[in-house]
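Trainee: Residue strings, one per chain:
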Amino acid sequence: MVKQLKEKMMSSKESILQKIKQNQPKELNELPNLEPLKESELDVLEQYKSVLKSIGGDFVEVSNYAEITDFVKEKFDTSKRILTTLPELSEVANLDWTSDDPHSLQDAELILVKAHFGVAENSALWITDEVMGQRVSTFIPQYLAIVVNKKDIVAKMHQAYDRIGNQEYGFGTFIAGPSKTADIEQSLVLGAHGARGLTVFLME
Amino acid sequence: MSSNKTIPHSEAAALFNKNEERVNWHDETLWFVREKRDRSAHQIPEWELLRETASQIKFNVLSNIHDYLVEFESNAQKNGIIVHWAANAEEHNVIVHSILEKHNIKQMVKSKSMLTEECHLNDYLTNRGIDVIDSDLGERIVQLRNEPPSHIVLPAIHLKKEDVSETFHEHLGTEKGNIDPQYLTESARQHLRDVFLTRKAALTGVNFAVAETGEFVVCTNEGNADMGAHLADVHIACMGFEKLIPQREHLGVFLRLLARSATGQPITTFSSHFKKPNDGKEIHIVIVDNGRSEQLGREDFRNSLKCIRCGACMNTCPVYRRSGGHSYHNAVAGPIGSILAPNLDMKKNADLPFASTLCGSCTNVCPVKIDIHDQLYKWRQVLVKEGYTPKVKTIAMKTMATVLANPTVFEIAGKAGRFTMKNLPGLVNNKLNKWYDQREMPEVPEESFREWYKKNGKATKGKNDEQ
Ligand code: SF4
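As given, the protein sequences belong to chains A and B, one line each in that order. For the first sequence, the positions run 549 to 752 when my numbering is used. For the second sequence, the positions run 92 to 558 when my numbering is used.
Please note: incorrect hints may appear among the correct ones.
Stated by the list, open to error - Estimated spans, in silico, between C-beta atoms of each pair:
{"no.": "1", "chain 1": "B", "residue 1": "K193", "chain 2": "A", "residue 2": "D655", "range": "50 to 58 Å"}
{"no.": "2", "chain 1": "B", "residue 1": "K193", "chain 2": "A", "residue 2": "P573", "range": "15 to 23 Å"}
{"no.": "3", "chain 1": "B", "residue 1": "D214", "chain 2": "A", "residue 2": "E716", "range": "36 to 44 Å"}
{"no.": "4", "chain 1": "A", "residue 1": "R711", "chain 2": "B", "residue 2": "Q472", "range": "30 to 38 Å"}
{"no.": "5", "chain 1": "A", "residue 1": "S563", "chain 2": "B", "residue 2": "E111", "range": "32 to 40 Å"}
{"no.": "6", "chain 1": "B", "residue 1": "Q134", "chain 2": "A", "residue 2": "E716", "range": "52 to 60 Å"}
{"no.": "7", "chain 1": "B", "residue 1": "L288", "chain 2": "A", "residue 2": "T646", "range": "38 to 46 Å"}
{"no.": "8", "chain 1": "B", "residue 1": "R219", "chain 2": "A", "residue 2": "D644", "range": "26 to 34 Å"}
What the hints assert, rightly or not - Sample of chain B residues at the chain A side, in silico, Cβ under 10 Å:
{"no.": "9", "residue": "E208"}
{"no.": "10", "residue": "G229"}
{"no.": "11", "residue": "G478"}
Derived from the structure by calculation, the hints contain no laboratory data. Even for Gly, the Cβ is constructed at its ideal location relative to N, Cα and C.
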C-alpha cells in the first residue's frame, strides 16, 4: 500500500512538472530591481513607536536591563511563571526552561526575549529560534515582552531582508503587536490565542 | 455540496437579498474593510511601484515555475522537510490522511487554508474517523455551524454577534444572549488552547514558499498556525504550486502588500518562516496542482495564478458585497474566485463570471495587478462559445455582440433603449431583466454621449485641426 502510494506520488510529481513545463509562458520575464523600493525618508524610531501603538502594542524606553527588571517587578505578577532567554533578567525571570517539553509553557505569564532587529514601517520584530528558547515561546505566554536596540530598527521590509540575507535558521518570525482577531463583526479583540499584550523595550 | 445541486449565483443572491437590512450591513462592513485598505495604501508613497514590482515578480514566477518548483523541492528536502506532490484534490486528501495514519493520529488541529477547503479535506478526514478542528476563530465559528467560510480572509464576515453568540452557547456552553465579542473570543481562546495542547498533528496553509531557501511563510493575526505547529509532532503544510516565489528578499515585497490589501494592517501580527523541523519532529509539504497547470496553459487566465489571496477584490466588489460569499458556491468567492472556478468545472461554475458588473474596481485594488475584470469578461465569451451559459444570458450576450460590432445598430439600439427606459419603464424594470433585481435603473439622459459628441466633439476637433 505504502509502496503503491509512493509510486503514485512519484508519477504525480512527474506529470505535474511536465504539464507545467508545457503550459508555462515561453517568454522569459526578468526579475525586477528592488533597489528603488528601499528609498525612505522615515524617521525610523518615531515611526516604529507610532505604528506599534496603532496596532495594540506598547513600548518602554530603557537604558539598561536593570530598568527592565524594575518595570517587570512593578507591572507584572511576579508570583506567576516568568521566563526569559536573557541572562541579564535572571532576577525576575527563570532561565532554565529551554529544553522542557513545549507544552509545559502553557502556564507562562510572561516571556521575555530579544529581537535581532525591528522594522519601522510596520513595527515588526525579527526573531529566530536562536533567541526564542523554544519555538512556541513567543506565542504561548499570556504576555510577551521583546527587547530591541534602538539602533537596530530599520526603515522597511526591504532593509529587513537585506539584514537577514542568507542567515541560517530553523524557524524565524516577524512579530507585530499582540495576538489579535476581528472575526466577530470586525470588533478588534487582543489576545486571540497568543499573547494578550506585547511590550517592546526600546534599549539605548 | 454535491456538484449537481448547486444553486446558481443569481438565485442564491436573491435569497441573500431577502433580508435587506442584513445585506446593507454586509455591504457596509466590507466597504469599511476596503476603506481601511485605502488608508493603509495611501500611507505608502511607493504603493504603485510596489504593486508593479510584485506583479513582475509573479510574471517571472509563472514563466519559470517548473524550475522554481524543482529548486524548492530540493532545498526543502535539504532542510529536512518531506515533500509530497498531489495532482488533484483526491490525492491531496489521501496524502494528508496517510501521514496521519502513519503516526496513528486521530485528531488534528488546522489553521486557515483555503486549499483544504477547495479539496474538501475536512469531510474526507471526518469520514475516516479523524477529528479535525479549525483554529482560526472565524473558521471555528463557521465549522461549528457546519458552513463553509464565506470569505478567504474573513471567514465569518456574513455573521453577526448574535449568530456567533447562539453558536457558542450551543457548542461551547457560553452564556445565552451574551454578545460581547471580547467575551466570545475569550471563550474560544480557552476552548482552542485545550485543542492546541492535545493535538499531535497540525495542518497549516502556506502564504509564500521560497525556491531559493526551501522555506515557507505562514501569516496569521491570531497566532493559531504557530500554536498548532509548534506544539504538535507533525506539521503538514499544504500549498497550491503558485505560492512559490523566487528568493527570500521577494518576501519583503509581498509581506508589505498582503495585510495592507487584506485588512489595512501594516503587516499581519505573525509572519512565520518555517525552514527546518525541530529535532524529533516532522514537517511535510504537500504541493498541489488541482487544475492549476491547466489554468497556466490558458493564456487569457494564467495571470489569475498571481493571486496572493488578500481578498481585496472581494471587499471592493459591489456584487460580492451584496450577494455574500456563499452565493458563489466555490471555496474562493468573489471576483478572483469567479475566474478560478470555471477552470475547475466549467459547467458547474458557468454562472460565476456573470456575477460581476465589470466595473473594474477589483482590478484597481489587486496588489499583484491581475486584470480581474478583463478575465471575467473573457470567461463570459468562452462560456457562451462553449454553450455553458443559461439561455437568457446567451441571447443577451449575442445581442450585445451584434450591437457592439455595428455602429449603426449601436446608435439605433441606444436611441431605442433611451426611448424605452423613458417612456415604457415597465419593459426594463421587470422580472425578466436580471439587472433590475435589487437595483434602480439610472435616470435616462436626454441625449447619448454619441449624439452629444456629434454636436460638440466635432467643433473641438475642428479647432484642433486648425492649429
Ligand atoms: S485577485 Fe488580487 S485582490 Fe483578489 S485576492 Fe487575489 S491578490 Fe487579492
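Trainee: Does each hint hold? Answer for all of them.
Mentor: Each hint, compared with the structure:
1. K193(B) x D655(A): 50 to 58 Å: 32 Å, violated
2. K193(B) x P573(A): 15 to 23 Å: 39 Å, violated
3. D214(B) x E716(A): 36 to 44 Å: This hint holds: roughly 40 Å between Cβ atoms.
4. R711(A) x Q472(B): 30 to 38 Å: 49 Å, violated
5. S563(A) x E111(B): 32 to 40 Å: 50 Å, violated
6. Q134(B) x E716(A): 52 to 60 Å: With Cβ atoms ~34 Å apart, the hint is violated.
7. L288(B) x T646(A): 38 to 46 Å: At roughly 19 Å between Cβ atoms, T646(A) and L288(B) fall outside 38 to 46 Å, so the hint is violated.
8. R219(B) x D644(A): 26 to 34 Å: 43 Å, violated
9. E208: Constraint on E208(B) not satisfied, violated at 16 Å.
10. G229: 4 Å, holds
11. G478: Violated: closest Cβ of chain A sits about 25 Å from G478(B), beyond 10 Å.
Figure legend: structure checked against the earlier numbered hints; hints not met, in rising order: 1, 2, 4, 5, 6, 7, 8, 9 and 11.
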